[in-house]
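Asks: What follows is the residue order along each chain.
2 protein chains.
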Amino acid sequence: MDLAKKLLKGDKRTLARLITLIENDDPHAIEVLKAIYNHTGKAHVIGITGPPGAGKSTLTDKLAKELNKRGKKIAIIAVDPTSPFTGGAILGDRVRMADLTNNPDVFIRSMGSRGTLGGLAKNTLGVIKAFDAYGMDYIFVETVGVGQSEVDIVKAVDTTILVMVPGLGDDIQAIKAGIMEIGDIFVVNKADLEGAHRTMMELETMLDFRQDEGWKPPVLEAIGRDNIGIGQICDNIEKHMDFLVKSDKLGYARRENVKKEIIEIAKGSMEVHIFNNNNKDNQLEILAERVANKEQDPYTASDEILKSFINRGIKND
Amino acid sequence: MDLAKKLLKGDKRTLARLITLIENDDPHAIEVLKAIYNHTGKAHVIGITGPPGAGKSTLTDKLAKELNKRGKKIAIIAVDPTSPFTGGAILGDRVRMADLTNNPDVFIRSMGSRGTLGGLAKNTLGVIKAFDAYGMDYIFVETVGVGQSEVDIVKAVDTTILVMVPGLGDDIQAIKAGIMEIGDIFVVNKADLEGAHRTMMELETMLDFRQDEGWKPPVLEAIGRDNIGIGQICDNIEKHMDFLVKSDKLGYARRENVKKEIIEIAKGSMEVHIFNNNNKDNQLEILAERVANKEQDPYTASDEILKSFINRGIKND
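If you read the protein sequences in the order shown, they are chains A and B. Using our numbering, you'd call the opening residue of the first sequence number 1 and step up by one each time. Using our numbering, you'd call the opening residue of the second sequence number 1 and step up by one each time.
Bound-form chain A, shown alone:
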């Protein structure tokens, strides 16, 4: 439990090491996460989502800087599910953040799903815990896309900022409708572009249809690149947490998230067990061969995998 102790003392190198262990699905990571678990729950976790091209990364950088100016410690997790294909995290370097990475109170980490067994969402939740126990005040989770895993990740945060951009066409309309309900704060970024005012109005109209109890999501203008509108967003982040605490919604939401997390971890563990077992007896390969040859259907094959898993139990790996 050396790592856990060091992390709780605020050792930044231990933090980096723990995150790497989590990403590598190292069993030791779980031990550390168990040990630090009751030191978590203090950080305010903020999801940043929206379509590609909305300028989420730049905006997140500026928010981090502003909150840091207000005396806070900040983590940014850039989640990029497409990176399994690249052989290297796309956002890994994030050159434009060079001025932030030299700041001891700001920690940036990119996460891809390359080589990840058991899912990116599961690992992201682990990394959030590591940052939380370490003592970060704010943890930003920035996603590249708007797919299922991003939605899953965003559901696990306290405050979601939906970043839109003027005039990206019809598909964006569809996405807007789809993700409207997950936003707590709406930002129209690149507000100097044509159509910004119309996008603001559309968002406000759509929000009128939403049933919210006690919290009316603000629609804010920003130009991330020029640091315009950043303070206002930070104020609203703080306001939203106040609301969550006072309305007792924070406890309820976090309890619901815990349920999803338990299931995610269980599914991830099972996947790891299945792969480990396949390395021993080739069961998965043999079944896949049969299914590919149409000698068996994948549902029956899957039942066999589950039965083996059940018969083996979870201690034998």
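Heads up, a few of these hints could be off.
If chains are identical, the list can't say which one is meant, so a pair holds when it fits in one copy or spans any two.
[To be verified] The list that follows gives simulated cross-link-like pairs (lysine-lysine, DSBU-like), each with its CA atoms no further than 35 Å apart: (1) Lys280 - Lys42; (2) Lys6 - Lys216; (3) Lys307 - Lys34; (4) Lys294 - Lys9.
By construction, these hints were calculated from the structure, which means they are not laboratory data.
Starting from the known structure of chain A, fit chain B onto it as the hints suggest.
Replies: Okay, now just chain B, sitting in the frame of chain A:
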């Protein structure tokens, strides 16, 4: 097995019913899918992916029309992971496709993850099988986003078309890098927009870094809205399948996909079992309460869930 027989005879109403059963996680769907499984594998499955705003839907419609003109039967599955939040599939109506929906040889279905236990990817794979056994020649799987689940779905197809659009800024660059490796055919849509030529050149330069054996992904121009470049894309779809068959890559890729599918089904089944069991004894709720109160960590709670699952077996639900 009535449904299976009717489906194999080409009954369109049965097809629609089976898809609904799959979406509703109805156990009867699995029985039908098992019965039809050795009638699958004939269709050419094509993934259409790319950033929002690239005009994927319009392009897919035009491709379907063109292939239909060539005497083929076509299914389009529009996958929209964001729809759990909307209380209704965003792409559900797809008004612009009205002329296609009246065509007896074209079948369009939108899939969201609302209420889906066990994952959207699992269900999409089931729907692909239903279309395949029914006798569709081409099955298009069109995704809204570029997240993990889309990537998972796209990995399960035979040919992936990556649709790009000129000048969407830096984030798009990142996504391009990330998804470059999954494309078999690249289309620069809306090629009448400024910057189209530059985007084509960028794509070609990036593709030079790719290690491909025997297949050099073409970069094609198109204007979906005006039906320009559609025939050429269809030709390349056919060419790619020829290549897969002749190089024996088709068999290999489908075998690899089967492995992933077996795991997906297993994870989905376990999730369903856990939820069903929770309805009986509240185990998940009780554990979540404890974890939320920091009396237990989620990893230990998850182990308990797995142990109960293992002890119960999979027959008791």
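Asks: Taking the hints in turn, state whether each one holds.
Replies: Results for each hint:
1. Taking the shortest Cα distances, Lys280 and Lys42 sit within 35 Å of each other only across copies (34 Å), while inside one copy they are farther apart (42 Å).
2. For the identical chains of this complex, Lys6 and Lys216 are neighbours neither inside a copy (41 Å) nor across copies (51 Å), given an alpha-carbon limit of 35 Å.
3. For the identical chains of this complex, Lys307 and Lys34 are neighbours both inside a copy (29 Å) and across copies (18 Å), given an alpha-carbon limit of 35 Å.
4. When the C-alpha separation of Lys294 and Lys9 is checked against a cutoff of 35 Å, the pair qualifies only between copies, where the shortest distance is 20 Å, while the shortest distance within a copy is 57 Å.
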